[in-house]
Amino acid sequence: MRILARLLLCLAILPGLPALAQSAPSQDGDVAALRKEVQELRQQLEQQQREHDAQMSELRQRMSAQTPATMPATSQPAAGAAAPAQGASQPAATASSPADELQAAIRQAQSPTAPAATSQPGAAEGNWLSTDWLSFSQPPAPVQSFNPDISLVGDFQGRHDSDVGGFLSDNRIVRELELGISGNIDPYARVVSIFSVHPKPDPDSGYDIDVEEAYVESLSSIDGFGGKVGKFRLDFGKINELHQHALPWPEYPLVIQSFFGEEGVAAEGASVSWLAPTDQFIELTSQSVAKSKDSLLAGDDSDSFVQLLHLKTFNDLSTNSTLEWGLSGAVMPTSDTPGTASDAVEGMDLTYKWRPTKEGLYQSFKWINELLTSQRQVDGRHVCAWGGYSAPEYQFARQWAAGLRYDYTQDPTDSSRNTQAIGAYLTFAQSEFLYWRLGYQFSHRNFLVHNSEDDHTIFLQLDFSLGPHPAHKY
Amino acid sequence: MNTSFKIAAAASVLGLWLLADISRAAEPLTVVTTTPTLKSLVEAVGGDKVKVASIGAGDEDPHFIQAKPSFMVLARKADLWVRVGMELEIGYEGLILDGSRNGKIRVGQPGHLDVSEKVIKLEVPTGKVTRDMGDVHPLGNPHYWLDPLNGRIMAREIADRLAQLDPNDAAAFAQNYKAFEKALDERMFGPELVATLGGDKLWALQLRHQLLPYLDESKLRGKLGGWQAAMLPLAGQSIITQHKSWGYFTNRFGLSVAGELEPKPGIPPTAAHLAETIELIKRNGIKVILLEPFYERKAADNVRQKTGAKVVVCASAVGGQKEATDYLALMDLIVNKLSDALGAPAARATASQATLR
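Here the protein sequences line up with chains A and B, keeping their order. According to the numbering used here, the first sequence holds residues 1 to 474 in order. According to the numbering used here, the second sequence holds residues 1001 to 1357 in order.
Keep in mind that the hints were calculated from the coordinates and are not lab data. Certain hints may be false.
To be verified - Straight-line Cα separation of at most 30 Å, DSS-like style, residue types lysine-lysine; simulated pairs:
hint, chain 1, residue 1, chain 2, residue 2
1, A, K358, B, K1298
2, A, K358, B, K1337
3, A, K231, B, K1104
4, B, K1051, A, K473
5, B, K1178, B, K1118
What the hints assert, rightly or not - Footprint (simulated), chain A over chain B, 3 or more residues, beta carbon under 8 Å:
hint, stretch
6, 1183-1189
7, 1211-1223
The structure displayed is predicted, hence computed values, not measured ones. Quick reminder that beta carbons are idealized off the backbone N, C-alpha and C, glycines included.
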């Protein structure tokens, strides 16, 4: 471009110079100086023209070298391969063949802003001022291409508990904000990181920030194996893997809360999964993670790892309905001495889904069921406990779904204490990126909390997601 | 005896192994497409050299195909994954590709074909795209397969990629493509005109809006047939659609979409917006509301009652209605439904003749 500008400047100045020289014939010294200057300018011009010609011919060579790659020729004769470079800059009437003419017309339609080939009769091949060749290459990729995907998920909730009182839980609306940053690191690995901002337990002391998940995942796979390392939600059963905002209810089922913690369980470690080479979907996942505080996986003082195994299978019952079932098991050594007692938890999950292809925007049904059992050493006693839930949900209009959930769970540290609950939920999806949910749950315990065995809870939830369109897990 | 037995055994094992290898080499390419329209194009140019499956169904909204684990099993065995692209598959594709653990079909690999690369695109946003515009695709409107010229470009892309993956059958793919191209051109312009001028020339003239002047000048107007002849009397008319998905078709045939029942792409119709649309229809004398079979008719029927406009339910994908058996039949269906509804029965007959050729 700089050469072009200089050249134009020279061309603009040159015609004026002789006139300038004639206007002062008596000043010989000046004329000589001007002559010399003109001479120098002429030399410069010639030099630049030579440089420019060399560059143009190099460019043309490069373009014709690239052309066959962009126009793979299964049926196109070799001569046609050079067409794009010429076709675009030639008037339609003189294009070499109908195929070339069509290619030129297509290119013109692809970039309507580019100069029209037919409206530029002067733009012959030799006219290097034509910018048609610029539209030959793809537009430059946006600078953001290398930025990771950034997303923000908000989970707001107001709730009223009959035994606690007040509508907003601790006068807080923002239950959680999740900031997700993820992207491919190189051709072999991807990183997923999710930071959670949530209110501190003390209502007046602001927010805590926590790493909810941060793992590096393999992109390539050998013989159906894949793996990840870092902190991740454990692949136990159907629901634990999901984040709170992705649940079809305002909170995790009671059995997940009492066995794994209020928000399920995530832990640091490594995970390997394998997709069986069968016509049916069978996936086996093995995870080895450090113990996590505040959950059944806490155990006593022990540095050993929790071992988890999950089998997931999936069947298409018909085009519209599917059945997924899985088995999970986790073992947690409670002592550093090998072969001594371990805590264990086992799970079974069964999910039925129905969604007709044609009416699927407006109607669907899913029914999620899970059963968990646990064996723990508590103060030298062996405690066996179990719990489960069953939750059907029917989507009855494009934006509306109604669901129920029945819960039963024993306390994994004292199986004589149990809680059961029944909840009803109504979800309105304002768009794909925001939903409102109203919920009511009645729960009954066989022990007293705040002098009561029964509890009524009303939930009002607002969740949104900002950023790139997320992929929806089935 | 023992030795010769061993040699014979070794030879037969070797023979079997070689045979197995040969039979594997002759196995057709396994192709998985995201939509049945792509599947139809792959079948047209792949012929018996490919085995194709589509994860989406024809009567399904292509934006909301679900990432079923069984699709991962399907994709695991694929040599080639073909997608519409332009972010149409953003809601599920990544999960299926990851879940399949098939390195061959990852984005950027020869086994991953984004057919949108060379098509003519419409509605590519120039400014910043935000969610308050609704479900706008930052790379442009992805419903491009409804322009038959794009169908031609897509088939060529597929044929080229199949040839790259299976060079032994490259000649067959090129031949199949040529046959498909000829069939499409004849359906578009009528067989007589294609025989006289050739498909490439006709398309180039069509693209540059020079087709009719050229035909008049060459005294060939009478030979024009196919979809182009059927749609010609309808050029200049406006229609209303449910979603912003028909622009490629209307653009090719000189019709226009005056508005959508959805206030913004992907946002369900609202009462206020429908009231505006009713006004628009009355003001401009619009005769047709066009929507895909997977949308509820409720909003369209509501507008129909208040305006007298016809509701036309028409598949936008192969398999979306029983007549849409392949790509060319899908285009036949759209042309016929629109010419019926917009009132050009004579033209329709021409289209049928071209079809029955």
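Looking back at the hints listed earlier, which ones does the structure fail to meet? 6, 7
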